[in-house]
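2 protein chains.
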Amino acid sequence: MTRIRMDLFTSLDGYTPADQTAEDPMGADWGRLTEAYAATRTFRKNVFGDTSGEGTTGVDERYAAAFTDGVGAEIMGAAMFGLHSFPDDPDWKGWWGDTPPFGTPVYVLTHTAPRPSIPMDGGTTFHFRNAAIADVLAEATNAAGGQDVRVGGGYRTARDFLRAGLVDDLHLMVAPIFLGKGHRLWDELAGIEATHTVTSEVAESGTIHVTLSRA
Amino acid sequence: MTRIRMDLFTSLDGYTPADQTAEDPMGADWGRLTEAYAATRTFRKNVFGDTSGEGTTGVDERYAAAFTDGVGAEIMGAAMFGLHSFPDDPDWKGWWGDTPPFGTPVYVLTHTAPRPSIPMDGGTTFHFRNAAIADVLAEATNAAGGQDVRVGGGYRTARDFLRAGLVDDLHLMVAPIFLGKGHRLWDELAGIEATHTVTSEVAESGTIHVTLSRA
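As you go down the protein sequences, you meet chains A and B in turn. One point on numbering: in my numbering, the residue at position 84 of the first sequence is 84, and numbering is uninterrupted. One point on numbering: in my numbering, the residue at position 161 of the second sequence is 161, and numbering is uninterrupted.
Don't take each hint at face value.
Copies of one chain are not kept apart here, so a pair can be met inside one copy or by any two copies together.
[Unchecked claim] Calculated lysine to any residue pairs in the SDA-like style (CA-CA distance at most 25 Å, straight line):
1. K181 / F48
2. K181 / M120
3. K181 / A194
4. K181 / R214
5. K181 / A38
6. K181 / T211
7. K181 / G191
8. K45 / D187
9. K45 / T195
10. K181 / R159
11. K181 / R163
12. K181 / D168
13. K181 / T195
14. K181 / M1
15. K181 / H171
16. K93 / D121
17. K93 / A215
18. K93 / M26
19. K181 / A143
20. K181 / R44
What the hints contain is simulated information worked out from the structure, not anything from laboratory work. Values in this document were obtained by computation on a predicted structure and should not be read as measured data.
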């Protein structure tokens with residue numbers, strides 16, 4: 001049974017950075033927000049290509065290692081792919097390097113004209129879809145072949161799926177910092193404890209892993 | 001060395017109820033927010049006068065038992081005392097019963113005319129002060145005799161002390177619910193990790209105890 005999963009970063013005061021630019025696509029505070037996660041052995045290996053085996057191995061690593069487990073397809077916004085950064089370059093293949101860490105079909109939501117799919121090394125293929133999220137989700141679910149679909153982000157994509165009630169498993173990585181500004185992720189979650197079980201776990205890094213799972 | 005302590009309740013989305021009325025002085029969601037804490041053995045004993053020994057005994061209880069440890073004086077807002085509920089009754093002694101759980105001098109901040117202090121059973125004396133928070137804090141610190149001063153709340157009092165940078169130890173009891181409305185407690189904490197160490201612990205109830213301590 002396919003479940004719709006989402007993993008998001010937030011500060012303790014519920015913010016995710018809103019100051020993204022073409023030059024700084026994640027925003028100035030992104031590094032602080034994701035520091036503990038980026039330090040894990042799995043992230044260093046899968047995203048940075050670090051094969052030294054270095055990296056943290058505690059609770060954060062356990063979540064990082066589970067990040068791609070059982071995911072058969074991914075959906076992300078155009079900004080997370082990097083489409084807005086070089087909109088006029090038809091050869092631009094996004095921020096994720098030659099071997100993106102997904103290893104699955106990745107559906108990139110876009111409001112621009114269709115562009116051809118891009119097969120990448122390591123099993124990732126980027127598809128670009130200008131369609132309703134429910135339709136893209138149906139296509140991704142079919143492509144996942146019984147495995148889960150992950151909605152990767154960014155904020156606007158996450159918000160749209162949360163508002164539509166489409167997320168079965170939401171994993172929040174809550175950094176022990178207080179940004180005081182940004183997008184208010186929490187506003188999309190009011191009352192979610194009525195349908196989703198909330199469990200929390202604190203990592204050695206101080207990150208609070210909050211998981212909301214639909215019964 | 002006296003430290004200024006504060007213990008506050010918040011939902012995971014950073015809200016504390018804003019719908020207090022004279023009839024419902026804590027607001028409609030207060031019960032859900034404080035449910036785990038009110039279930040502890042110490043709270044049942046100290047606040048409800050329950051001497052049966054019943055109540056939870058896990059992580060929440062450990063914090064509840066520490067609540068009054070080493071506190072030599074308390075400061076609270078007029079609403080938390082209950083001053084607004086029966087403003088015209090000179091004999092009204094607040095919401096805390098004949099034997100309030102403080103056992104120390106309690107300074108009640110008020111903008112109304114001075115009223116006489118009220119000695120209660122169990123060592124609590126309510127004093128009413130229409131003065132700047134720094135002045136009341138100085139008086140409370142003196143009364144505490146080297147022990148800590150706790151700022152009890154409610155929200156406006158907490159906000160004023162946080163904005164003034166007066167809180168050394170802030171203990172947040174974060175309930176695993178998402179209220180979606182209320183006073184935004186988090187807004188007062190932006191950047192506090194620069195001066196305060198953040199540690200978190202999850203209780204059996206799902207409550208996340210977040211402690212911010214000035215070095």
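(request) Return the numbers of the hints above that this structure violates; sort them in rising order. (result) 1, 2, 8, 9, 14, 17, 19 and 20
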